[in-house]
Each structure stands twice: as structure tokens, then as C-alpha cells.
Amino acid sequence: MAILEAQGVTKRFGGLAAVSGVSFNLGDGEILGLIGPNGSGKTTLVNVITGALSSSDGDVRFRGDSIRGLASHEIGRLGVGRTFQIVKPFRNLTVLENVMVGALFGARGGARALSEARRQAERVLEFVALAHLADASADGLNVPERKRMELARALAMRPTVLFLDEVMAGLNPAEIDAAVVLIKQIRDRGITLVVIEHVMKAIRDLSDRIMVLYHGEKLTEGLPHQVLNDPDVVAAYLGRRFAEQSHA
Amino acid sequence: MAGDRIPIALGAAALLILVATPGLLSPFLVQFLINLFMLAALAESWNIIGGFTGYASFGNVAFFGVGAYATGVLLTTAELPFALALAAGGIAAAVFAALVGMPILRLKGHYFAIATLGVAETTREIVYNLRITGGGTGLTMPISRSPLPFYYLMLSILLATTLVNWWLSSSRFGYGLIAIREDEDAAAAMGINTPLYKTIAFSVSGGLAGLVGGVFAYWITFIDPEGVFKVSTTIQMIIMAVFGGAGTVAGPLLGALVLSSVSEFLSTQLVSLAELVNGLIVILVVLFMPRGLAEMIRKRQFSLRDFARNFREYRV
Numbered sequence: 001m002a003i004l005e006a007q008g009v010t011k012r013f014g015g016l017a018a019v020s021g022v023s024f025n026l027g028d029g030e031i032l033g034l035i036g037p038n039g040s041g042k043t044t045l046v047n048v049i050t051g052a053l054s055s056s057d058g059d060v061r062f063r064g065d066s067i068r069g070l071a072s073h074e075i076g077r078l079g080v081g082r083t084f085q086i087v088k089p090f091r092n093l094t095v096l097e098n099v100m101v102g103a104l105f106g107a108r109g110g111a112r113a114l115s116e117a118r119r120q121a122e123r124v125l126e127f128v129a130l131a132h133l134a135d136a137s138a139d140g141l142n143v144p145e146r147k148r149m150e151l152a153r154a155l156a157m158r159p160t161v162l163f164l165d166e167v168m169a170g171l172n173p174a175e176i177d178a179a180v181v182l183i184k185q186i187r188d189r190g191i192t193l194v195v196i197e198h199v200m201k202a203i204r205d206l207s208d209r210i211m212v213l214y215h216g217e218k219l220t221e222g223l224p225h226q227v228l229n230d231p232d233v234v235a236a237y238l239g240r241r242f243a244e245q246s247h248a
Numbered sequence: 249m250a251g252d253r254i255p256i257a258l259g260a261a262a263l264l265i266l267v268a269t270p271g272l273l274s275p276f277l278v279q280f281l282i283n284l285f286m287l288a289a290l291a292e293s294w295n296i297i298g299g300f301t302g303y304a305s306f307g308n309v310a311f312f313g314v315g316a317y318a319t320g321v322l323l324t325t326a327e328l329p330f331a332l333a334l335a336a337g338g339i340a341a342a343v344f345a346a347l348v349g350m351p352i353l354r355l356k357g358h359y360f361a362i363a364t365l366g367v368a369e370t371t372r373e374i375v376y377n378l379r380i381t382g383g384g385t386g387l388t389m390p391i392s393r394s395p396l397p398f399y400y401l402m403l404s405i406l407l408a409t410t411l412v413n414w415w416l417s418s419s420r421f422g423y424g425l426i427a428i429r430e431d432e433d434a435a436a437a438m439g440i441n442t443p444l445y446k447t448i449a450f451s452v453s454g455g456l457a458g459l460v461g462g463v464f465a466y467w468i469t470f471i472d473p474e475g476v477f478k479v480s481t482t483i484q485m486i487i488m489a490v491f492g493g494a495g496t497v498a499g500p501l502l503g504a505l506v507l508s509s510v511s512e513f514l515s516t517q518l519v520s521l522a523e524l525v526n527g528l529i530v531i532l533v534v535l536f537m538p539r540g541l542a543e544m545i546r547k548r549q550f551s552l553r554d555f556a557r558n559f560r561e562y563r564v
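Chains as they are written, first to last, in this note's numbering: chain A, 1 to 248; chain B, 249 to 564.
The hints are simulated quantities; they were obtained by calculation from the structure and are not laboratory data. A couple of the hints might just be wrong.
Calculated cross-link-like contacts (lysine-lysine; reagent style DSBU-like; alpha-carbon spacing at most 35 Å) [what the hints assert, rightly or not]: (1) K88(A) with K547(B); (2) K478(B) with K201(A); (3) K201(A) with K184(A); (4) K356(B) with K547(B); (5) K88(A) with K184(A); (6) K201(A) with K218(A).
Simulated DEER-style distance windows between Cβ atoms [what the hints assert, rightly or not]: (7) H358(B) with A169(A): 52 to 60 Å; (8) V181(A) with S480(B): 41 to 49 Å; (9) T220(A) with D433(B): 25 to 33 Å.
Everything numeric in this text was worked out from a predicted model, so none of it was measured. All residues carry an ideal CB built from backbone N, CA and C; glycine is no exception.
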């Protein structure tokens with residue numbers, strides 16, 4: 001059963017349609033890979049679905065109910081979480097405090113007491129292997145650690161659906177492998193995931209299905225090996241000429 | 249939190265001494281302390297919106313003024329008892345802050361600062377032109393005999409404001425405000441109702457400033473728009489909070505204590521010297537301890553690295 005349905009989602013900035021008529025279904029418990037060249041509208045699509053941007057047209061349904069026009073915090077409380085491509089740590093807080101905010105708010109309003117939020121945050125930090133940095137200042141973390149903290153913060157919200165916007169950008173190959181394992185573990189906890197990524201190996205290993213955006217429109221959707229070998233998809237990434245060479 | 253015990257013990261001891269001793273102090277010192285409580289309470293009230301929520305309001309004197317005038321009008325024209333007039337003054341300021349806050353809290357950074365400055369200036373002009381407020385001639389309160397009631401009232405409001413700040417530092421609501429300060433988009437994505445939280449913070453900040461204004465009006469016995477709606481009063485709140493440590497509980501208290509003592513001492517020598525030194529202190533604070541006095545005392549270190557970083561950032 002689809003937990004999230006997007007129908008003809010469109011976002012126009014003046015005359016530019018950053019996202020144009022995108023429809024897709026998200027099955028309960030699946031991992032959907034969302035790929036496309038830079039500027040193809042992936043982050044805009046996430047911003048529209050999670051309420052950070054208002055949509056120009058189309059509808060989004062979560063568990064059957066329309067969430068179009070809801071504010072960002074209302075969608076967060078329903079259980080739709082996200083990370084940000086450009087990470088947004090709460091710099092003057094510790095790592096633990098950052099994650100506590102997720103536990104205090106998040107889905108269904110979160111924990112009421114700080115002590116309960118602290119316990120939940122500690123468990124999440126344990127899970128993403130950041131427990132040793134719990135009391136470190138968020139400002140002092142390196143890129144992979146920041147990405148992990150952002151992931152922990154989103155997980156502490158106890159989301160049903162989680163959008164991961166390039167959580168692997170800037171990671172080295174070993175860190176990417178670790179991230180793939182972690183994301184699979186997140187899915188095993190019953191969380192439905194949409195993973196935006198440029199690291200094709202990771203996307204192939206992770207995704208149950210892949211959807212490709214190109215110039216704001218859905219180019220194709222399907223099983224990983226089909227989509228990644230699709231000449232149109234290769235052309236979208238490399239340009240027509242290189243795509244023909246790669247098939248020659 | 250074991251690290252909190254020493255400041256709490258110090259605060260409680262100071263409070264006991266302050267409650268027990270005003271009868272023994274010279275009239276000059278009592279007046280100085282009432283003024284100190286007032287500035288500290290204003291700095292703590294500003295801290296709620298400016299320090300915790302990160303919205304640098306340059307117009308909080310408007311709420312101080314609305315509280316002063318609402319209390320004054322009810323006390324004189326309506327002849328209400330002072331307690332009722334004061335409560336109404338605080339409520340009027342809180343409601344005013346909420347109504348003004350709903351539109352302008354959509355602005356950020358400099359735009360918000362300028363909008364709040366505009367609110368304060370506009371409020372002064374309106375008060376100037378109303379008949380009920382006495383316009384430019386001002387309002388004269390009934391004269392009260394002893395300064396001690398004002399001493400205890402200001403001290404109570406300061407205590408209440410400090411307790412609100414303390415609660416913010418250790419509550420879910422306070423975490424929400426801090427998250428908004430740190431990154432509003434991330435805060436909203438995590439399920440924090442940012443417009444509501446900001447408006448409540450602004451309203452509570454304004455309501456407490458309004459209570460201070462109400463006590464001020466009765467204490468000073470005469471209010472007029474020029475004297476009540478001074479931009480410099482807002483600036484004092486900000487400087488004291490930032491000097492002591494914005495977003496901390498003890499910071500605004502420390503800031504008010506140090507800065508008003510220094511300026512009181514220096515202005516007995518030479519008024520312009522006091523202002524000069526105040527200005528120098530602010531510059532040094534921004535350069536050497538951007539997180540304020542409270543943070544420096546807590547860490548027990550004077551960071552040269554912070555200094556170097558600020559030197560670069562501000563391109564001194």
C-alpha cells in the first residue's frame with residue numbers, strides 16, 4: 001500500500017518550472033532512490049512535499065490524506081522527516097542537545113520531558129555510532145559527523161517517512177559503505193525512505209526502486225538495474241554524445 | 249545538573265541579603281538598587297526574545313512604555329488600585345507585543361531589528377497625540393511616601409523574569425526557542441510551530457517589560473513620551489544582556505550589575521566619561537568574549553583564539 005502519493009506536483013518560480021507534474025507512489029517500507037543531474041529539481045521536490053515550499057499545483061497524500069498547504073512543522077508532526085542537503089546543525093548546542101530537539105518535537109509532538117528526550121537521543125546516537133561525541137559542540141564536527149548528526153536528529157523525530165537529501169556527499173568510499181549499511185538498518189526499523197544521492201553505487205545497492213528527475217520532470221522510474229542502464233538516463237547525466245560512446 | 253548549584257546558591261544568598269537589608273541602606277543606595285533591578289529585569293526580559301529566540305528586537309522599550317502608560321492611565325484617570333493597574337499594564341504590553349509580533353516576526357535579522365525600532369518610534373508618536381495619555385505634557389502619578397514598596401516590587405519582577413529565563417533554559421519550550429535561534433528552517437522541519445513559539449516569546453518578553461514599566465511609572469511619579477520611549481533604554485537592555493551573555497540565565501543579571509555599577513561610579517566623576525567607558529567596554533566584549541561574561545566565568549578562560557577569530561570576522 002502506498003504511504004505517500006504525489007500527484008502532478010509542480011513548483012514554479014516565476015516563469016521557471018523547477019518541478020513540473022511529478023507523480024509517484026511510495027510503498028510502505030521501501031527505499032526509493034531519487035536521482036537526476038544537478039538542478040533537476042530533486043531538492044525542490046523534497047521542499048514542496050515537506051512543506052518548506054508551497055506547491056504551485058498538484059497534490060501530496062500521506063496515509064491517504066492530503067498534506068498540501070500544511071506548514072513544515074505540521075508535516076513534521078505527521079511523521080514526515082527530512083535532512084538538509086546543506087546541513088543545518090544547531091551550532092551552539094552539543095550533539096546530544098541537537099538530537100534532543102528531534103526527540104522533544106518530531107512526530108506526534110514528541111517527548112514532553114527533557115529526561116525522556118535525553119534517553120531517546122542517547123539511544124539514537126548509539127545507533128548512528130556518534131555516542132562518543134554526544135557532549136561535543138556541533139560546531140566542531142567534521143562533514144561526515146555532521147551528516148550523521150543530522151540523520152540522528154531526523155531519526156529522533158520517530159518519522160514514518162524520511163527524506164535523506166545527499167547524506168553521502170563528501171564522504172569517502174569507506175564512509176559511504178558504512179552509510180549504506182546504516183540506511184538499510186533504518187529501513188529495517190520500519191521507516192520508509194527516499195534517498196537523494198549522486199553516488200550511483202550506493203543508490204544501486206540501496207534502492208528498491210529508482211526515480212529519475214530531469215529538468216524538473218520525471219524521466220523514468222523502475223528497478224535499479226533497468227533505470228541505471230537506460231540510455232536516456234545515461235544521456236541525461238553525461239549528454240547524448242558521451243552516452244552513445246559509452247554504448248558503442 | 250551539578251554545575252548549576254554554585255550560581256543558584258549565590259543567587260539565593262544575594263536574594264536573601266537584598267530582601268533583608270533595604271531598611272539599613274542609604275536612600276541613595278536604595279534608589280541605585282531599584283534602578284539596577286529595573287535594568288536587570290529589562291535585560292532579562294529582552295533576553296527571552298533576543299537571547300533565546302535570536303530575534304534582536306530594537307524596540308522593546310515600546311512594551312515598557314505601553315506598560316508604564318497603561319498602568320499610569322488606570323491609576324490616575326480610572327483611579328484603580330495600583331495592583332490592578334499594574335497587572336493590566338503587564339497584560340496590555342503582552343497583548344500589544346503579540347499583535348505587533350504576528351506580522352513582524354516574519355522578518356529576520358536587520359529587517360526585524362528595523363521594524364521593531366519603527367514600532368517603538370510609532371508607539372511614542374501615538375502616545376504623544378492621544379488625549380487620554382496627557383499627550384506631550386505627560387501624566388503625574390499620586391506621590392508615594394516610601395521607596396521601599398518599589399524596591400520590593402522591582403526585585404520581585406526581576407526574580408520572576410529571571411525564573412522565566414531559568415525555566416526556558418531547561419524546558420521543552422525553551423529548546424524550541426533555541427532551535428529557532430540556531431536554524432529556523434531546521435526547527436520547523438523538526439515539528440516546531442515556529443510562528444507560535446516566536447509570538448509567545450515576544451509576548452512574554454513584552455509583558456514582563458510592561459510590568460517593569462508600570463512600576464517605573466509609579467516610582468518616578470511623572471511620565472511623558474520623551475522620557476518613557478527612549479531608544480537608549482532598548483540599547484541598554486541589549487548591551488547588558490549581550491555583555492553578560494545573551495541566551496544565558498545569569499548573563500543579563502551580571503551585565504546589568506557590572507555596567508550600571510561602572511557607569512554609576514564614573515558618572516559621579518564625569519558623565520561623558522561614563523558613556524565613553526561604556527562604549528569601550530562594549531567593543532572589548534564583542535572582541536574578546538562574544539558569548540559574554542557569564543560564559544567566560546563558566547569556562548574560567550580568556551580565549552585568545554576567540555579574539556583572533558573576531559578580529560578577522562569584524563576586520564577591525
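So, going through the hints one by one against the coordinates:
For the suggested pair K88(A) and K547(B), the alpha carbons sit about 26 Å apart, so the restraint of at most 35 Å is met. A threshold of 35 Å between alpha carbons decides the hint, and for K478(B) with K201(A) the separation of about 63 Å lies outside it, so the pair is violated. The suggested pairing of K201(A) with K184(A) holds, with an alpha-carbon distance near 14 Å, which does not exceed 35 Å. A C-alpha spacing of about 31 Å is found between K356(B) and K547(B), which places the hinted pair at or below 35 Å, so the restraint holds.
Taking the CA atoms of K88(A) and K184(A), the gap is about 24 Å. The hint holds against a cut of 35 Å. Taken as a hint, the K201(A) and K218(A) pair is honoured in the structure, with Cα atoms around 21 Å apart against an allowance of 35 Å. A hinted range of 52 to 60 Å for the beta carbons of H358(B) and A169(A) is inconsistent with their spacing of about 32 Å. Distance hint check: the CB atoms of V181(A) and S480(B) are about 60 Å apart, inconsistent with the given range 41 to 49 Å.
A hinted range of 25 to 33 Å for the beta carbons of T220(A) and D433(B) is consistent with their spacing of about 31 Å.
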